[in-house]
Amino acid sequence: MKPETAKPETPSAVDISATLCGVRLPNPTVLTSGVLGLSHEIMVRVARAGAGGVTTKSCSLKPRPGYPNPTILDWGPGLINAVGLSNPGVEVMVEEIRAAKEELAPLGVPVIASIFAETIYDFGTVARFISEAQPDLIEVNISCPNIDDRYRQMFAANPYVAGQVTRRVKQNTDIPVLVKLSPNVTDVAQIARAVVEAGADGITAINSLGPGLILDIETCRPVLAHGTGGVSGPATRPIAVRCVRDICQAVDVPVVAVGGVTTGRDSVEMILVGATAVGIGSAVYYRGMAVFRQVCEELRDYMERHGYGALKEFRGRAAAIRF
Amino acid sequence: MTLPHTVRIREIRDETRTIRTFVLDAEVPEAEPGQFIMLWLPGVDEKPMSVACPTPLTLTVARVGPFTTALCERRVGDQVGWRGPYGRGFSLHKDQLALLVSGGCGVGPLYFLATQAVTRGIPTTVALGARTALDLPYVEQFRALGVDLILATDDGSLGYKGPVTDAILQSAICNSQSAIYACGPEPMLVAVHRLCRERAIPGQLSLERYMKCGFGICGQCAMDGYLVCQDGPVFDVEQLDGLRDFGRAQRSATGRRLPIR
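Chains as they are written, first to last, in numbering that gives the first Met the number 0: chain A, 0 to 322; chain B, 0 to 260.
Worth double-checking, as some hints may not be accurate.
What the hints assert, rightly or not - One side only, chain B facing chain A, incomplete, derived with CB under 10 Å: (1) Thr1; (2) Asp44; (3) Gly215; (4) Gln219; (5) Met222; (6) Gln229; (7) Arg250; (8) Ser251; (9) Thr253; (10) Gly254.
No lab work stands behind these hints: they were computed from the structure. Fair warning: this is a prediction, and the values are worked out from it, not measured in the lab. Here a beta-carbon is modelled for each residue, glycine too, at the ideal position from N, C-alpha and C.
Turn these sequences into a full structure, and let the hints steer you where they fit.
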């Protein structure tokens, strides 16, 4: 039905599979939360287009309509968004994840369920609910920059709070837990240590940057309805690479590196600083759903040129280099 | 870069009691019939709107909800923003007669398509449906284009009494020598879809869904495996065969699937 029908993998001596908290990914590219992860049909389409894993849109206990439009805009060097964590609620997402799992299991593509809550307590409740769908991994979004005044302090901004959320989620599920961190902190390594000490099985980094602000200079208003919004895309990549490096040096758990990855070259950079997998989000805008297959092909080219047979042969190689 | 371009409203025309046309101080020569732009009312919201004319950018809008009501309160000289064009539009079959079927505010993109069909010398019939004679938009504009017109009203106050999809059945061109291009309420599109499949008529239907980004990354407009913003809004009838959501469900702002009508 779709143009992106699965092509048979071209035989290659290069193995780009990855293992994330015991879960096998056929390749290290993962659809990032917040992009296309609302319905199982589209997640299946993304997997068929070449993603090695798919992450759902963050869901909360109750449905959230999010903010009015404009919610997502291209500002040139990247995107800016203030969607406001709109989601149909955990009950609906349980069904979407079940349906996605059923279709993705034969492809060997795992499903990562992203969850969000307004209180530390509710994080545990959402984790328990979502576990009914048996996602392969749970990603805990404690780092959305588009939060109401009530939660102006992100959970990810404070090591103690980040640890408490992690602990609460871990108490409510047996599924491996990734905690998604924010770049908008002074010392991301400190937060990483806190969530790992609290039991996180892995880390996803980074969430979008900011919030940022873009004005429409004709009307003197912010272009986003919410005013400020999280900045993502190529402009944020150098910050993401530095955060992933800081985290990989601080803790010994797998990291899903997210932030502006658009090409195979970008994925190599993330793996060199220690990433196990790479998230792809905004790049779907720049290169379409084909971006997953393209990044994998470009990654393979790099590995062939350098004589690498597997990702582990160069993972973290740059970590040994003194900056 | 696709930040909204802020421009002024150059002209406003009333088409019917509830349908109004806005001409903006903007040109989108690359827009194709059936493509849409995201129209921003600062401080209100931003919604997809089909292009009724690309130069100058013209939108024909029915007052149906808070956004379109706010738009209808705008005056000449007021500022609005737009970005686009987005999506897949209509593509005319050059060897088929063109039968354009419009319900309500679906008329805008079909007027754009009719101008293109006439320019290319494709014999064109436009079928317009509305509740009453007072609700039929663009009748004079289509007459001026020189296309054949089929009019249908629910109350019979003008033209055929009944749905426009019944009116075209009576027409001699409703056969496989023609191609149907339709835009309007989804129940009408479901009827057109059935007709096209029963009579082996090639068809293209323009659909509408709640959208956020408009450029294929938020997933909010997902309809089965399609993204309406990018794979559509215009679909070939074959693409709509057997879909769970076509004619039945659309997503709300939360992403929940809600029944249509």
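Results for each hint:
Satisfaction of the interface hint for Thr1(B) is found here, the shortest Cβ-Cβ separation to chain A being roughly 4 Å, below the 10 Å cut-off. A hinted interface residue such as Asp44(B) counts as satisfied when its beta carbon comes closer than 10 Å to some beta carbon of chain A; here the least separation is about 5 Å, so the hint holds. Hint status for Gly215(B): holds, given a least beta-carbon distance of 7 Å to chain A, under 10 Å. Hint status for Gln219(B) relative to chain A: holds, with the closest Cβ pair at about 7 Å, below 10 Å.
Given the 10 Å rule on beta carbons, the hint for Met222(B) holds: about 9 Å separates it from the nearest Cβ of chain A. Contact between Gln229(B) and chain A, as hinted, is supported at the beta carbon level, the nearest pair being about 8 Å apart and thus within 10 Å. With 10 Å as the threshold, the beta carbon of Arg250(B) comes within range of chain A, its nearest partner Cβ sitting at about 8 Å, so the hint holds. Interface restraint check: Ser251(B) against chain A, minimum CB-CB distance 7 Å, threshold 10 Å, status holds.
A hinted interface residue such as Thr253(B) counts as satisfied when its beta carbon comes closer than 10 Å to some beta carbon of chain A; here the least separation is about 4 Å, so the hint holds. Satisfaction of the interface hint for Gly254(B) is found here, the shortest Cβ-Cβ separation to chain A being roughly 4 Å, below the 10 Å cut-off.
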